[in-house]
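The opening residue of the sequence shown carries number 1 in full-length UniProt numbering; numbering runs sequentially from there.
No lab work stands behind these hints, which were simulated from the structure alone. Misleading hints may appear alongside valid ones.
What follows is a set of in silico ranges between Cβ atoms, one per label pair, in the way DEER data are often shown [said to hold, decoys possible]:
no., residue 1, residue 2, range
1, Ala152, Asp253, 32 to 38 angstroms
2, Lys288, Ser188, 23 to 29 angstroms
3, Ser388, Pro329, 21 to 27 angstroms
4, Val16, Gly40, 30 to 36 angstroms
5, Ser363, Glu325, 31 to 37 angstroms
6, Pro156, Ser257, 35 to 41 angstroms
7, Arg386, Ser257, 44 to 50 angstroms
8, Lys288, Ser363, 34 to 40 angstroms
9, Arg138, Ala194, 17 to 23 angstroms
10, Met227, Lys288, 35 to 41 angstroms
11, Ser388, Cys348, 48 to 54 angstroms
12, Tyr265, Asn311, 23 to 29 angstroms
13, Ile364, Glu177, 50 to 56 angstroms
14, Glu325, Glu237, 34 to 40 angstroms
Computed from a prediction, not measured in an experiment: that's the story for all the values here. The beta-carbon is built from N, C-alpha and C at its ideal position, and this holds for glycine as well.
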Amino acid sequence: MMKNIMYFLGSLLVAVAAAFFAYKWLGGFENPGYVLIGIGYWSLETSLIVFAVSLIMGFFVFYIFFRFLGWLLRLPGQIKNRGKSIKFNRSQEALIAGLVDSAEGNWEKAEKVLIKHASHSGAPLIHYLTAARAAQSRGAYDKRDEYLKKAADQAPGSDVAIGLTQAELHLSEKQFEQALQTLTRLQSIDPTHASVLKLLHQAYQQAGDWEGIRKLIPSLNNNKVLMEAEIKLLETEAFSKLLKQAAERGSADEIDSLWSEIPDYIRNMKGVSAIYFAAMIDAGAGAKVEGGLSRALSTTWDQTLVVLFGNVQSIDVARQLETAEQWLPMHPRDAVFLTVLGKLSMKCGDNQKATTYLTKSLSIEPTVPAYQLFGDLLSAQGDKDRASECYKQGLELASSEIVSRIDSIS
1 MMKNIMYFLG
11 SLLVAVAAAF
21 FAYKWLGGFE
31 NPGYVLIGIG
41 YWSLETSLIV
51 FAVSLIMGFF
61 VFYIFFRFLG
71 WLLRLPGQIK
81 NRGKSIKFNR
91 SQEALIAGLV
101 DSAEGNWEKA
111 EKVLIKHASH
121 SGAPLIHYLT
131 AARAAQSRGA
141 YDKRDEYLKK
151 AADQAPGSDV
161 AIGLTQAELH
171 LSEKQFEQAL
181 QTLTRLQSID
191 PTHASVLKLL
201 HQAYQQAGDW
211 EGIRKLIPSL
221 NNNKVLMEAE
231 IKLLETEAFS
241 KLLKQAAERG
251 SADEIDSLWS
261 EIPDYIRNMK
271 GVSAIYFAAM
281 IDAGAGAKVE
291 GGLSRALSTT
301 WDQTLVVLFG
311 NVQSIDVARQ
321 LETAEQWLPM
331 HPRDAVFLTV
341 LGKLSMKCGD
351 NQKATTYLTK
361 SLSIEPTVPA
371 YQLFGDLLSA
381 QGDKDRASEC
391 YKQGLELASS
401 EIVSRIDSIS
């Protein structure tokens, strides 16, 4: 308003100044002249000074008139824009208030203020997505889905942003199937989107879908979603879990097929190879991995692999014992290894050798398996009293180990 007043006063000042200078200039002549205007039967005669001043003032009046007319024509639009501006400012204030209420845990209040002003906002997507989070936080899942749908209607080009929010909300409620469905759709839209891949990784991991993670690893690696060390750790975990799952199904062919697909740097890890060997032994295919176990122990000594070697149902137990005894000079005081030698000797029917190995194992470090095997050996030989004593000592040792574990936990 003040701007219009300044325009009016400025124009008036210019018009008055122009009229004054015209009056002074023309008045300086002895004969300032006259003006005669004729229209039909009508004529108008006046001095040039009066005509010039009237012309200047008339121009001013017409100028003001047309400016006023233009202002009147623009007035409805200005009123409309003014209303939009007010609503927009209110929506911005509502957005800030809604975000603050959400941060403070006032979910219902945040939801109401966000939805009320969403349609007038310059960023309705943020209103609806924040309202959806607030609705879920108070357990209103129907409202959550309604707001997500409205967000999609208001911002049709924001499928990824809406989908990511939807997936995050499903994951927070452990709705893995719905989250994976949404994320799979987003991956088809943008296969290299880092946030989509990261959420897919989380969804697969929380759902225990290690086959899904296995297939996702190349994308995580190629798009630098995780660091190289994290990728290798995840890959190791995925193949370990898949081996355990295959072991639970008990299919030696499935276990062996999966093993052939595992990269060498993972297969060479003791923990992973132990899972494979144990799975094959449990599936009744221990003879197939006997050579692999032998080579692994010849390269790197590991008590877990030693125990697994002793559990192999070999087609030639004598050769199995002979192979194991080749390691004895390098590990003469390994109690676990000596127990395994005693077990293999029993399988071969050499009770004297079994007694020697088991007695030496128990003298170095008493263990429950050694007591169990020695008790079985004595029982088979008819020495019931010594066998009972071995079983008793084994039970006492097992009990003390359990008590020690309980104490360490508490």
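Now for the hints, and whether the structure bears them out:
no. : hint                                   : verdict
1   : Ala152 with Asp253: 32 to 38 angstroms : violated, 47 angstroms
2   : Lys288 with Ser188: 23 to 29 angstroms : violated, 41 angstroms
3   : Ser388 with Pro329: 21 to 27 angstroms : violated, 35 angstroms
4   : Val16 with Gly40: 30 to 36 angstroms   : holds, 34 angstroms
5   : Ser363 with Glu325: 31 to 37 angstroms : violated, 19 angstroms
6   : Pro156 with Ser257: 35 to 41 angstroms : violated, 46 angstroms
7   : Arg386 with Ser257: 44 to 50 angstroms : holds, 48 angstroms
8   : Lys288 with Ser363: 34 to 40 angstroms : holds, 35 angstroms
9   : Arg138 with Ala194: 17 to 23 angstroms : violated, 31 angstroms
10  : Met227 with Lys288: 35 to 41 angstroms : holds, 37 angstroms
11  : Ser388 with Cys348: 48 to 54 angstroms : violated, 26 angstroms
12  : Tyr265 with Asn311: 23 to 29 angstroms : holds, 26 angstroms
13  : Ile364 with Glu177: 50 to 56 angstroms : holds, 54 angstroms
14  : Glu325 with Glu237: 34 to 40 angstroms : holds, 37 angstroms
Hint compliance for this structure: hints 1, 2, 3, 5, 6, 9 and 11 are broken, all remaining hints hold.
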